[in-house]
Amino acid sequence: MAGKPGGTTKQSTLLGFFSKAPASQASASASSPSQQKSAPKPTTQKAQSKSASKDASKSPPKLAKAQPLETPPPSESRSTTRASRPSSSDAPETEAARPPSSSPTFHRSSSLSTDSLLPTTQAASKPPPNSSDSDDLTPPPPSSDIDNMDVDDDDDEVDQPLFRRRAAAKRPVTYAESDSEGGAAVDSDSEDDLPRSAKSRKGNSAKRARKARDEDDFIVLDDHDEDDEELPLDAANASEDDDGDAAFASEHGSDADDDDAKPSKRSKPSANSKKAPAASSSRATGSNSALDSFKLGSTGSFLQVGASNGAARSGPSPTSLSHLTKAERRVIEEKRKKADNEEAYSFLLDLRDKDGNRPGDVEYDSRTVYIPKSAWKDFTPFEKQFWEIKQNHWDTVLFFQKGKFYELYEEDALIGHREFDLKLTDRVKMKMVGVPEASFDIFAAKFLALGYKVGRVDQTETAVAKGMRVGERSRGGGSEIVNRELRHVLTSGTIVDAASLPDDLNSYCVSIKEAATPGRNGPIFGVCTLDAATAEFNLTEFEDDESRTRLETLLRSLRLKEVLHEKGGLSAPTLRVLRSTVPSTAQTTMLKPGVEFLEPETTLRKLNALFNPNVDAEARLESLDPVDPSLLPEGIASMVDRPGAMSALGGMLCYLAQLNLDRDLCSSRNFNIFDPLRQDKCLVLDAQSLTHLNVLQNDEGTDEGTLHRLLNRCVTPSGKRLFKIWLVAPLATADAIRARQDAVEDLLKNPCFGDEFETFGKALPDIERIVPRVRAGKCRPRDFTAVLKSLARFEKAVKQLRSQCQSFETEVIDALLQSIPAVSTMARELQSSFKVTEDGSFHPIEGAFEPYDRAETAIAEVEAQLEHEIETYRKQLKLTASKCAWKHLGTKDIFQVEVPVATKVPSNWTKLSGTKDRNRWYSPKVRDLVQDIKEARETRLAALKQFHQSLFASFSEQSDVFLQAVKTVAEIDCLLSLAKASYAIGEPSCRPELVDHETALLEFEELRHPCIAGDNVDFIPNDIRLGGENDEVVILTGGNMAGKSTTARTSATAVILAQLGCRVPASRARLSPVDRVASRMGANDQIFRNNSTFMVEMLETSRIINECTPRSLVIMDELGRGTSTFDGQAIAFAVLHHLVSRTRCLTFFLTHYTNLAYDFDSYSRVSNKHMQVLVDDAKREVIFTYRLVDGIAESSYGTQVAALAGVPLEICDRAAVVSKQFAEATKASQAEKNKSAIPLALLSDFVHLFKLAKEQAPASSDRNAEAKALTTLSQLDII
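In terms of my numbering, the sequence shown opens at residue 1 and continues consecutively.
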């Protein structure tokens, strides 16, 4: 008997759906079978409301028998939810029971706080463990009552109200929850019913049971065309389901009908429906049952009394709210829902980390969240799966894969809704938003751009695979859910997928370790850098000065995205350097000392777990021995004795382990020593020079007008990254520079080579970034096939390029082409084992992989049996092949027997779906065969994954050879980029002449700034001569805005171009390579470093004095202006004297202190020059000619510039008078100094020489003996 609670029957359907219903609903459904037959189509809303009101009037007696529950099991609470849901056509009192379709308060749907609805004398008793009806299974009804049928629940949230599936209809929506196989597919030209039996079985039509299972509630919008669809409905439940569908449609923002969006206007109450309010009112007031007391708000979310805290609540029971309007009742219900929502997860109300620290505590760890043991017992299987991952990644936005969608829950859902306006949906206790699987990369990049961490949790199996694993024949059922694993967590500095990166340049994550004990000259730093996209690690350790110059230079030369350091492990000056150097968009993560930021010895144990194949990867580090250095990559093995570098590496590896990226990235074994200067063979550009000369970015933080923007014209991704390394470390040896110049000249004379290479290079994928993904075994098939396809073209491309080299005067380019290994043969060998499909994926050819062949054979056998079956049915039903054929909907609803509606099929067939012209059926035999073919296809998929892994392993064995070829192509690309830049700077341009000289020298004629030269701007060229036969120091004076700084910058920029191997914008250039470009320009304080303007000047000056050599180029701009006039002038004098007489470096000394120019005018290697300015005193006009001429400037013309800026003329006039008085006093003072026979500066030089004469000669073992001797001779020569 259908209404008997204990009766259970099972029926296997196509999708294996099992649904549950309370006894009350079963009784109501069974008592009115005529109503189910009377409404075969939802043709009018009136018919639905009438039938619904009849059922509603008969359901109260069953509902009244429900018992109060203290902590209802999930299935029981859901049963009560369905039993007590009112019809939309009930009286106004039951209208309050239906919540609005969407809510601005974004409530959870769990009910925890319902004090106002419970009677004060409520007595609750906990049911026995087996009292839940979730174990009773009944098949879906054979009747047309499809709206109450549950569909495919993935996360086993059995304590939630179910949405009903109206139809798998035309869906213009962008998101819906789906099962693990992508959701039910939809016929593009029809509207489909859910499965039902061909033969009506009244006894089983109302009895429903629901099991916890492995899939989500599949929600489909009520958005269909009734003219095209046969959609029988149970009239008793039509109104109820209309409400649920309308609410869902509103929540998901679909374009459903207005009637769906406003369920209160769908139908008018009929005469029969007027009986329902009295019955429901008497139940609400006359019963002491906790469930009956919720009649007013019986929408499922309010039937779980104390579901999460296990305690029953009591409170006054309202007698009636019928006097309130619908809007007022909804407001009350929203408040009630909000209160329930806030208590859904009690441990979030008092948020703590795993160690019990609250936000705001010093030791609070935002990455973890504390979940008490008592909370776990109330979690559904999916909730448990979710919180097991989320508890260790609280600060991460986790994307959970659900079939063809990725879903965000709880706080992550709120973030997605707030940042990107994703539609928020409540699913019992969990808020949820979702995005399609294909859009994951797009949304991950958006979250990362805002500074969030992004975690990706993937399904490791399908529902069919799960059934095969646990031994379940039908999909769906069972208490287990599909397995999901955290694939990885991405941060802005650890993005491994090139598709999520904005460009082809490197993005770095940097780990910094500062030694507790400083060195002799300053702190000692260990640094580990990581470019996650190419899996390239770089290690270094160095002793820095007190200004942290080397650390700042390193940080400024990299594009930083994330910085790691030990919590409390950096000194205050180092932290100030980080704050002022690291971009505001970069993340900074502090790791716990010893636990997360590992000590050197612990790092060696960690490396043992990563690189020793005989060690258990999951073993605790304390139980492991230090790694054998022979197992390590060469880059790590050479740094084992450097504790700072090893500790920085340990912090990086521990952090990557938290992100599930350590093994993926270390599998490439790409560890190098970070030495951008390559043993003093490169020009040193410190942090200040990179900034002042606009090498990588301008003052606004962009690349507009920078050298990088001008010069980097590479076409390959790897070439673009390599060229940036070239730019920050130009060459410093003449032979290496000449080789590049030869290559550039050949490329300029033969443009056809550039065209040929560009065609080849632009077609190359970013192989350097894809190879690490292949080594990790996580490469997309289409990326892998693209790499092999491009590698297979190398041989032909190299031959064509070498043929273009025959006319070259040098062998530089041809030698590079010859060094490219024969990778095409290797790539073709790998390609020969598989076939590529149109979408870029691939599968093995026949005979290449035996497990795949066996799976294909099994599929073919089942397909043959299916074809035999369809032929049998055509004969049995006397139909042609066009009228009796297979119909496939997606990947689940496959091999449906589609026949005309008028066809009478055997009684044991089950109807699955249909249109107004066709019905689709399953016979028992076909149902079994469909399950067989699904399992066979799952086996084939597993075999295909195995084949992919074997192919990736074969590729990885030869990946070093492939990368060598790519790097050689990148080098050619960089040379071609220099040639393009040389052409773009316009004329005049020349190839610099390199000369061998003891000290540096520069000679440029008609030199222009390269970043302005090509913009059709009239740039005034100047001649620059320093060193050699010319003076080594130029004291440059002149007016404000006259071009002093531009002239000095232009000279330094030309040196960088020349030593890169590029042509320079001058009619003639001659130089001896310099070893360093150092600058002290501008007047800016550093509030983050606690440095004043003058302190910044002195720190930069100290660095120049200590580091520069006779082969260096120095720019000193207005030194001493940050303090008083007298102190500033005195310091400027002393520093200039040291550079002239001690260091002997090439120097541009820009100053407004004209006294300095007069003081050093007598020095043989110092020249006074100034920027020419024409002044019209009558018109108060200043004309800047931007010409560099000999002599000392008469004035700085500050008052004239002030007038140009709009300063009132009376102020400028007064300033001019005072300035004239100062100038006359200065000239008089200078005249007094000139009376001395020997200038004071010259006397100080004699004192220094006497000190040198008293010093002992350098020991023969001193490696710097020769340099010291040369320095002494040069200082003697100055006199």
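Check the hints yourself; a few may be wrong.
Said to hold, decoys possible - Taking lysine-lysine and the BS3-like style, the derived pairs with C-alpha atoms no more than 25 Å apart in a straight line are: (1) LYS945 with LYS778; (2) LYS945 with LYS887; (3) LYS762 with LYS967.
No lab work stands behind these hints: they were computed from the structure. Fair warning: this is a prediction, and the values are worked out from it, not measured in the lab.
These are the hints, each one checked on the structure:
1. LYS945 with LYS778: 11 Å, holds
2. LYS945 with LYS887: Violated, at about 29 Å.
3. LYS762 with LYS967: This hinted pair holds, its Cα atoms lying about 15 Å apart.
Checked against the numbered hints given earlier, the structure breaks only hint 2 and satisfies all the rest.
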